[in-house]
Amino acid sequence: MTAAFLRTRAFRDIVVVLVLVFGVGSIAMLLAHVSPIVGFGALFDGAWGTKGEIAETLVQTTNLLFPALGIAIAFRAGLFNIGAEGQLVMGGFAAGWLGAQFPLPGYLAVPMVLAAGTLAGGVWGAIPGIMRARFKANEVIATLMLNVVAILLTTYLVTGPLQQGGANGSETGPLPKAAQLTHLFDTQLTWAFVLALVLAFVLRWVLQGTVFGYELRAAGDAPEAAKRAGIDLGRTALIAMSLSGAIAGLGGATIVAGALHRFNTGLSPGYGFIAIAVALVGNLDPLWIVVASVAFGMLQSGGIAMQAEAGVPKEVVSLIIGLVIIALAGRRVVASLRST
Amino acid sequence: MNATLAAVMAILGLTLIKATPLIYAALGGVLSERAGVVNIGLEGILIAGAFTSVVVSGATGNPILGALAGVLAGMLLAAILAYVTTRLAVDQIVAGTGLNIAALAGAAFGLVLVYHQPGASHEVPALGRTGETVLVVLAFVAAGVLHLVLTRTPWGLHVRACGEDPSAADSAGIDALKTRFWAVVIGGAIASLGGVYLSLAELDLYSDGMTAGRGFIALAAVIFGRWTPLGATGAALFFGFFAALQFSLQRAGVPSELLQALPYLAALVALAGFAGRVRAPAADGVPYVRS
Chain A
5 MTAAFLRTRA
15 FRDIVVVLVL
25 VFGVGSIAML
35 LAHVSPIVGF
45 GALFDGAWGT
55 KGEIAETLVQ
65 TTNLLFPALG
75 IAIAFRAGLF
85 NIGAEGQLVM
95 GGFAAGWLGA
105 QFPLPGYLAV
115 PMVLAAGTLA
125 GGVWGAIPGI
135 MRARFKANEV
145 IATLMLNVVA
155 ILLTTYLVTG
165 PLQQGGANGS
175 ETGPLPKAAQ
185 LTHLFDTQLT
195 WAFVLALVLA
205 FVLRWVLQGT
215 VFGYELRAAG
225 DAPEAAKRAG
235 IDLGRTALIA
245 MSLSGAIAGL
255 GGATIVAGAL
265 HRFNTGLSPG
275 YGFIAIAVAL
285 VGNLDPLWIV
295 VASVAFGMLQ
305 SGGIAMQAEA
315 GVPKEVVSLI
325 IGLVIIALAG
335 RRVVASLRST
Chain B
112 MNATLAAVMA
122 ILGLTLIKAT
132 PLIYAALGGV
142 LSERAGVVNI
152 GLEGILIAGA
162 FTSVVVSGAT
172 GNPILGALAG
182 VLAGMLLAAI
192 LAYVTTRLAV
202 DQIVAGTGLN
212 IAALAGAAFG
222 LVLVYHQPGA
232 SHEVPALGRT
242 GETVLVVLAF
252 VAAGVLHLVL
262 TRTPWGLHVR
272 ACGEDPSAAD
282 SAGIDALKTR
292 FWAVVIGGAI
302 ASLGGVYLSL
312 AELDLYSDGM
322 TAGRGFIALA
332 AVIFGRWTPL
342 GATGAALFFG
352 FFAALQFSLQ
362 RAGVPSELLQ
372 ALPYLAALVA
382 LAGFAGRVRA
392 PAADGVPYVR
402 S
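So the protein lines, in turn, are chains A and B. Per my numbering, the first sequence starts with residue 5, numbered consecutively. Per my numbering, the second sequence starts with residue 112, numbered consecutively.
Bound-form chain B, shown alone (with noise of 0.2 Å):
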């Protein structure tokens, strides 16, 4: 009996620990589409904090600073991404996906300027067990926050209005570009966090490809979770449960690929109308020019 439980609470221990960084990169996604700009490159966001937390950590023995300097190197390439889709109103998909191509390579190419080695960055001081309890945490806090300010807030509605109707936002008095480039930036603040839990909590170094297509889960929590900081994390923490269910059940002979498969599975049905009415802010991925 007390074996069970100890396995039941191992599952929902590592369910937490899967779960997180997918939060985080789905509340990201979540404001930015609210506000009407599909972020793609959440993938490259979560590199950009993943690595230059490691970086700072390293260079400054400070864990703590390492992980700030992450959000900030989130928040940078989310600004790039948001500079480029609300004031020059470029397609969002397309520069999402060279944002994923250039965050990889630049942190491929990072590792070979700063280590002189490629593959993986060297061991470094990390945030530590009490650290990841934090992250874990704020995950849960950040993504309460998140339903308050956009369901309780004059930015919440602000942002809202900007995913549905940025020409009537504007008309009235919302200026429908700003708003929509800080709720991408501080979307990517939030989805660096995801990043900085991957290689500062879970782990103490970089290597490539660490985040492993966490980005794009992410983006199909956000449609499985329709558009809700709330529904995100469900889909999250749903997600997370298979993937710590994985081991046990490919012992019991499921395919691991099936498993892997199953959040981006779960998308495609949402998308389809299968798992209830779905329906994406009707402004999201559309640039927003002003006449």
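Isolated chain A, as found in the complex (with noise of 0.2 Å):
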């Protein structure tokens, strides 16, 4: 059981990625004049010491695990989201500029909040979608200028016609206190966190429990059978893309709701991006990605610490978690992509 485990591909994918965070991380340390010990002792008492660095961590980990559960929805049915970015802050136009627009009473804001996040990511997920289905446009390039189209139109937004006074016209107004998500513990934490966790759990039912999951799994794994089989392929890649970006537009949304307390356009340091790397480390399941997500919240939250603590450049992570993900590029999901 062991011995069969030691040769798998995912053990294979856990040591490189060690290799890589531990071997980059200490030369870049020592490149800085840092001894290695001090600047990852940084790093991870950064991410853990304290009930306060804990929440953040957590916090940095529910701002990954969404839009990565998204990525790997459509990763799963062979489309390459790569959108995640734009989609999440689309979401979270959408719940700071509605949140802000119309307070609702009570236990009626942050359900709308939510909801206006998760259908404005879906939407923005669904154009690629319809244009894979109608036209057999390449939905990775599709996504990728949607990105910045996204970032493009919501700051024009938000400065523009659908202005709400927030500081220095980059934000909307302000979320009524209903619309705010509790926070646990006296902390940072919000029950976003939980969300995050329950919807790993349903999405992983989805997708080894039901007919969809089924259906989407095939359209990745083998399109021509599952085409042969009487999957509308199609049908099947508009409803996992407009899937796909609704997690990530729900993500963007509790970032808003949970953290912000209002749209801005700096939203996101490139959660969607980063979230690849990590439903990648995730192997693409959603319960082996919430694991994954703990390891990259921890690095996100650790990295600030390390650079204030250690003086090592927190610019190490991302550096990090762009070979992480050049050297976790191949795999499984390449091998059933572009046949529409």
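Calculated directly from the structure, the hints in this document are not laboratory data. Each residue gets a CB set at the ideal place from its N, CA and C atoms; glycine is no exception. Please note: incorrect hints may appear among the correct ones.
What the hints assert, rightly or not - Rough simulated footprint, nothing fancy, chain A against chain B, three-plus residues with beta-carbon under 8 Å:
1. 132 to 145
2. 194 to 202
3. 206 to 220
4. 279 to 292
5. 371 to 381
Claimed, not checked - Cβ pair distances, simulated, as ranges:
6. B/Ala363 with A/Gly315: 43 to 53 Å
7. B/Ile175 with A/Lys231: 54 to 64 Å
8. A/Asp236 with B/Ser367: 37 to 47 Å
9. B/Leu199 with A/Arg239: 50 to 60 Å
10. B/Gly320 with A/Leu291: 28 to 38 Å
11. A/Gln192 with B/Phe358: 52 to 62 Å
Assembling the complex is the task here: the two chains are given apart, and the hints tell you how they should meet.
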């Protein structure tokens, strides 16, 4: 059992990731004249040292988990959605703008804000889905372009026609108290974390235990066979892309409702891109993605402490994440692609 | 009358300045995609060219050495992408995305190491007016040469064959993996000149985020230009023209975000097939594994 695991691809990937994290990290720290022991010590301590730091790590975990789950759904269907960043931004904008514009009473406010984000992200994911289903347009390039368009569009809306008088024009107005997520344990952590965990279990069940999940995986693993078996590939692509975008959009809404309490054009430091690494490290399996998102959440929150405490530029973390993505680009996602 | 003429000339001049880095990046993208490798990492290659050329020019005091080093850095990054996508047959899109993240972070980290400050480098010896003119002219020369290479030379035919059907190319005695590898690496060399132009010709320093998504606009130009060197150059000029008009149009009340979004929207329209028949090379983006 153990010996068999040591020979699996998953194990090999874990080794590669660990070598990259500690190898590249150590070299970078030595270049910055910092002992790797001090550097990594500051990173781990900054991520797990106090109650507040643990909470921040789990907040970063949450922010990565939503888009990573969305990406996994699309990748499993054989669709390279690299547009999670744009879908997350659109979700955050819809949540922030509607939440501030139409203050609803009590228990209605939070569901509306989250639903608005989910819907907006879903629509933004559906666009490349429709383009793929109707015009056979390559979803990779489409989602890539839509990332930039999302940021430009929300910047335009928030500073122009939909302005709400937020600070320096790049923000929406503040969310009313009723639309903000409740904090847990007196920290920055909100129940968005719990929501993301529940969602991971639900998606795992959808993928493994439902007819839809089966069709989705079939479309991804063996599109030709799926087509012959009567699965409508266009329809599957559209649903998978919409669902994928909706989950990323929900993530954007939780950032707005949980932490910022308003939409801000700098909402995401690239969560949608880092989430690609999270989804790949997590083997596109929702439950493993939870584990991977904790690891990357730790790098995100600990990186800031590493810079402040040990003087290692926090870009080292992004450098490692980029290399991890390159190293894991050879996953089985690859096998299936590009037959419409 | 003279004032109008001067204004028109100013816009055209600005168009060339804005278009030149896009042309280089787009030509690099065309070569690589015609061989069947989608180079999402163009942005990272621009960053590598821009950053390395500044560091080497600063260290040696010689901007031409700097430019050469920038090209080498671009080739090195492209070689990494080429190696993992041909020899290891990993996914091109995912690998390219990783390359962009790593290059941006690597340059930001490098700034702190070399200049002990985040954000931007010091000013370094630049290529100057003459160098800038040479690079602008060279961009158009490169477009013409690449067009001839792709259409008139045996190697160009090999490249196109690998982009359409690598397995058939292999059967015909063309080493598909080797051809793809070198197409990506040479494409990286061409694209990196765009980065060199940004940091050593248009300016004399590197700052974080200075490439500002030009690698992605170049990808849009490749599609809008229908995967041909001349078409991509035309698309880059078109996008450069709107970038040049940005300030005047902004004063006339056109939102700048709309103008910035134009290349991406144009590419989306082209992708959806509204701009006539657009077809990528048949094996574009498909890893080739010998059986």
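Evaluation of the provided hints:
1. 132 to 145: Since three or more residues must qualify, the claim that chain A covers the stretch 132 to 145 of chain B is violated, with 0 doing so at under 8 Å.
2. 194 to 202: Coverage by chain A holds here, the residue count being 5 at a Cβ distance below 8 Å.
3. 206 to 220: holds (count 13)
4. 279 to 292: Since 0 is below three, the answer is violated.
5. 371 to 381: holds (count 6)
6. B/Ala363 with A/Gly315: 43 to 53 Å: Given a distance of about 49 Å, which is inside 43 to 53 Å, the answer is holds.
7. B/Ile175 with A/Lys231: 54 to 64 Å: Cβ of B/Ile175 to Cβ of A/Lys231: about 56 Å, so the range 54 to 64 Å holds.
8. A/Asp236 with B/Ser367: 37 to 47 Å: About 42 Å separates the Cβ atoms of A/Asp236 and B/Ser367, which means 37 to 47 Å holds.
9. B/Leu199 with A/Arg239: 50 to 60 Å: 34 Å, violated
10. B/Gly320 with A/Leu291: 28 to 38 Å: 36 Å, holds
11. A/Gln192 with B/Phe358: 52 to 62 Å: About 42 Å separates the Cβ atoms of A/Gln192 and B/Phe358, which means 52 to 62 Å is violated.
In summary, the structure is inconsistent with hints 1, 4, 9 and 11 from the numbered list given earlier, while agreeing with the others.
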